[in-house]
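S.K.: These are the residues of each chain, in order.
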Amino acid sequence: MSSETPPTVSTSANSRPAGSGTPGEITTDQVAHLAGLARINLSPEEITKLTGELVAIVENVAKVTEVATPDVPATSHPIPLSNVYRPDVVGETLTQEQALSGAPDHDGSRFRVSAILGEEQ
Amino acid sequence: MSPEATRQHDLTRLSAADLASKLASREVSSLEVTDAHLDRIHAVDSDVHAFLHVAAEGARAAARAVDARRAAGETLGTLAGVPIAIKDVLCTLDMPSTAGSKILQGWVPPYDATVVRKLRDADLIPLGKTNMDEFAMGSSTEHSAYGPTHNPWDLDRIPGGSGGGSAAAVAAFEAPLALGSDTGGSIRQPAAVTGSVGMKPTYGGVSRYGAIALASSLDQVGPVSRTVLDAALLHDVIGGHDPRDSTSLKDAWPSFASAARAGQQNLSLKGLKIGVVKELGGDGFQAGVTQRFQEALELLTSAGAEVVEVSTPSFEYAIAAYYLILPAEASSNLAKFDSVRFGLRINPTGGGTVEDVMSATREAGFGPEVKRRIILGTYALSAGYYDAYYGSAQKVRTLIQRDFARVFADVDVLVSPSAPTTAFKLGEKLDDPLSMYLNDLTTIPANLAGVPGISLPVGLAPEDGLPVGIQFMAPAREDARLYSVGATLETLLEDRWGHTLLSQAPDLAPQEMFASEEGAV
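Residue numbers (UniProt numbering), protein chains in the order written: chain B, 1 to 121; chain X, 1 to 521.
Chain X with its partners taken away, still in its complex shape:
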């Protein structure tokens, strides 16, 4: 490996925070950093398939512009010049936005999502768009119309979903940061199974304007990264009130990066009370997941935290409520794909009315999981069933919120494993929708109640050597608490290991091969 190739390789291994400080001191240029990541994408993405679209030229132009402004003495934002991958559910002016669906193949939106605009305003460098389950419906990225993403730890396994592309991109060192969206765990579960970090902010904490809606009362955009501090830095950029999203909160948010740094520096958790959610663990959870989770609890205890078990009985009904509310909202949100204003249009042979065209377009444009959920949602909202299904699910939502309120009166944060198992094999659950839905057991309650949740890695399961994640949840608006506690645990774990978890992942690009690809994009 040439010195230049080594330097490029090393640049992709740095955290966003470290890249940011090297950029600010002009030790490296944004163009160098961007090229290093584009080279890495070129070298490994044919195996990983994290990206649906790579905007090499746009990224290099944006990087050059940042470098020029920095050279001219301008003071730029903290993450200026740092590359980022964007989940394809977010609208981008200069890149296709398909949400993983054929019905939007090639569609370039006429506007940027607010979070994308904020990235550009903060001078981050969009590298491209990441793969996802079609319209974010799935837990494995296998429901993408463009083929699955592969887990960088084992290419035969799923990277989680729906945001498997964003998680795999950061885990495979193709990007230091990514944006995700989390409706029932689509940021946190992929983070767990790829050994990365994913944060679902408080509902309303980050704008949803320009995020192609799945279930509007559950969807939340959030950061994907390799470290807790990086997630916090990105959250500081994308968070805050947006008049274009009527569900956006007007709160004045604290600096999440400051909270994460405080957590890294003060490793004592004395005074913190942690509730272990009884219903989100135990039977049905993989042994190695439970083992690493328990070890993390011991570490938290040894750092001074008080760890108690809490019970939230209504969580048992969360998946059932979710798989009524989500399809119901999705069936109405996806009505907009009607072959009139954007996307695919299929004209049936022999012509037909606009209704015939819509029905033929939606048949051809939607995949099986999307059809399944639209039909289920249409059923749940049908006259005669509405009260029994959708109405009851909304009542369960109240019960879940009450459970959260009750336990949060006693503890500061809740913990559970982020997912019941490590990454399963591609294809393993594809023909069994119910079994796929059960993956979201641990993550769904936070969406139903609107509370924030973060997943970070706590080790590898002994039986399969695959990453295990821990999830922390806090009361609504207490996102900063998660960054602080998360950064403390991350620091304690890395002190114990002597390295980061992701440094143990297989190097997907053998060094010789990487060197020979040098400079090629």
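One chain only, chain B, in its complex shape:
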């Protein structure tokens, strides 16, 4: 994993090695940055409230670092499965009309969105 630091993460958090057991510092700037990454507009009041809540939650969940020693392998999936294949055959698929049926806007054959790029781009 990259140890690259997101722009608003404080350097004190970054200087700690991963898995050191100390929760990273969470600031309102950082929450605003995370909200941007998650594409959710938040009001300044929501950011302040969320920052407090996240500090409390992260303090609690950080206890996972107490027992996650280097010799323990990670588990991402509860029941081990590998190489799941199915026959390569033509199956039932949605029609274009069905696929577009829930779209907020479309032109009859494609989803329609507003400009992808901003003016400055």
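Because the hints were derived from the structure by calculation, they are not lab data.
Certain hints may be false.
Said to hold, decoys possible - Only pairs whose alpha carbons sit at most 35 Å apart, straight line, appear in this in silico DSBU-like list of lysine-lysine:
| # | chain 1 | residue 1 | chain 2 | residue 2 |
| --- | --- | --- | --- | --- |
| 1 | B | Lys63 | X | Lys278 |
| 2 | B | Lys49 | X | Lys102 |
| 3 | X | Lys336 | X | Lys250 |
For clarity, every value in this text was computed on a predicted model and none was experimentally measured.
Dock chain X against the given chain B, drawing on the hints supplied.
M.R.: Frame of chain B, contents of chain X only:
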């Protein structure tokens, strides 16, 4: 109450198994049974709010079709003609599927979830869609964008969550069966606090195709009912391999209904070794919960089971691991709600790029708990924090699996109370997310390890008169064992009580009122 109204009332009180046999013998028609449940919904759901959508006409049409085929001499499936409620997290072709969120308000999917298709193929009658915490994030159903569901035992209390709607629907006799989904206890905890039965199958045992994903490595669809046998009958319908779900197991499953019937008939538990999980009880558990749980253990012992205490030290870290893994997976799963292909779109005043539209849509469309978990998940996956948080949580998952493997080498099933407390008051924990998260203490380990778990009622807590549930867990793929042991305990308890627990719940619709509502849907 007119004889007809009495008959309708009685039809809603029957188990799915009993309804199925009356339907098969043509003692009652599916239309009669369906109408009885629609009437019950009409009479009580303004108080309970278990349903987000009631498909009265669709249900009656499906019931008529089943009746016609039966009249023509066709042999139908075991549960053909039995009504069922469907959690709104599951995609349904003919009903809106919102997952309790504003961002999907009114959305009608272009396909059925595999489990829904299986219900239709087996000729069950979908009554409608049930309320839930938004995107299944919550333990009280208070995070639904459409308002909370109320516990049929006490309308001022929560029905559990996230599947509070499905649990309340069966507990309030609005449906004999329901489908739920369980990511950290969303089937089992609502079952516990409403006095109903809920089963989380082995991960991969039931298809997740068409279940709107919360955390893909934890989510599991399963049955909600009033009896263990009914849950097993429904599990037999929805279980099995689905090529559309790449995490679906290819196992050949035994008949769960046969396992439940065997458990009902053979009440001796001689040879069964039960492990009481030390870490999932004791301090912090409500006194009446502990008392009813202990009495159930005594009953199991008197039936011949050997009951021993086992310790699973890493379970202490389960909630912490869960509240890193779940938000991390949810933050990426919910990226699909981008205002392009389905759901809400909010155009910011003065226009903007597609990114501005997404950010405005997600601001308006997601509730506070969903925003909280997406931001938490984004944080846990951030460069620089990934190893410390998400990586460590995945290691804890390994430790929890090892604990399960170690104790299951010695015992056949594990037991704990299904939830630390009985149903709490609506609003009590809404402003304290951490305290809400602690509700899932008992149910989360099974999700992290993928093992099956079932909750069934063991009585009412003396201090508040509210239902208490016991949870059994078995090794992965041993779901049948839970139905067998669960049915035995249920039978022993009901023999002792002389009635079912839910028959003691308040009758929400006074009989006079019910009679006056007769026929109205």
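S.K.: Confirm or reject each hint.
M.R.: To see whether the hints hold, each was checked on the structure:
Proposed proximity of Lys63 of chain B and Lys278 of chain X is supported: the alpha carbons are some 20 Å apart, at most 35 Å. About 22 Å separates the Cα atoms of Lys49 of chain B and Lys102 of chain X, which keeps this hinted pair within 35 Å; it holds. Restraint check: the Cα-Cα separation between Lys336 of chain X and Lys250 of chain X comes to about 29 Å, which is no more than 35 Å; the hinted pair holds.
The earlier numbered hints are all upheld by this structure, with none contradicted.
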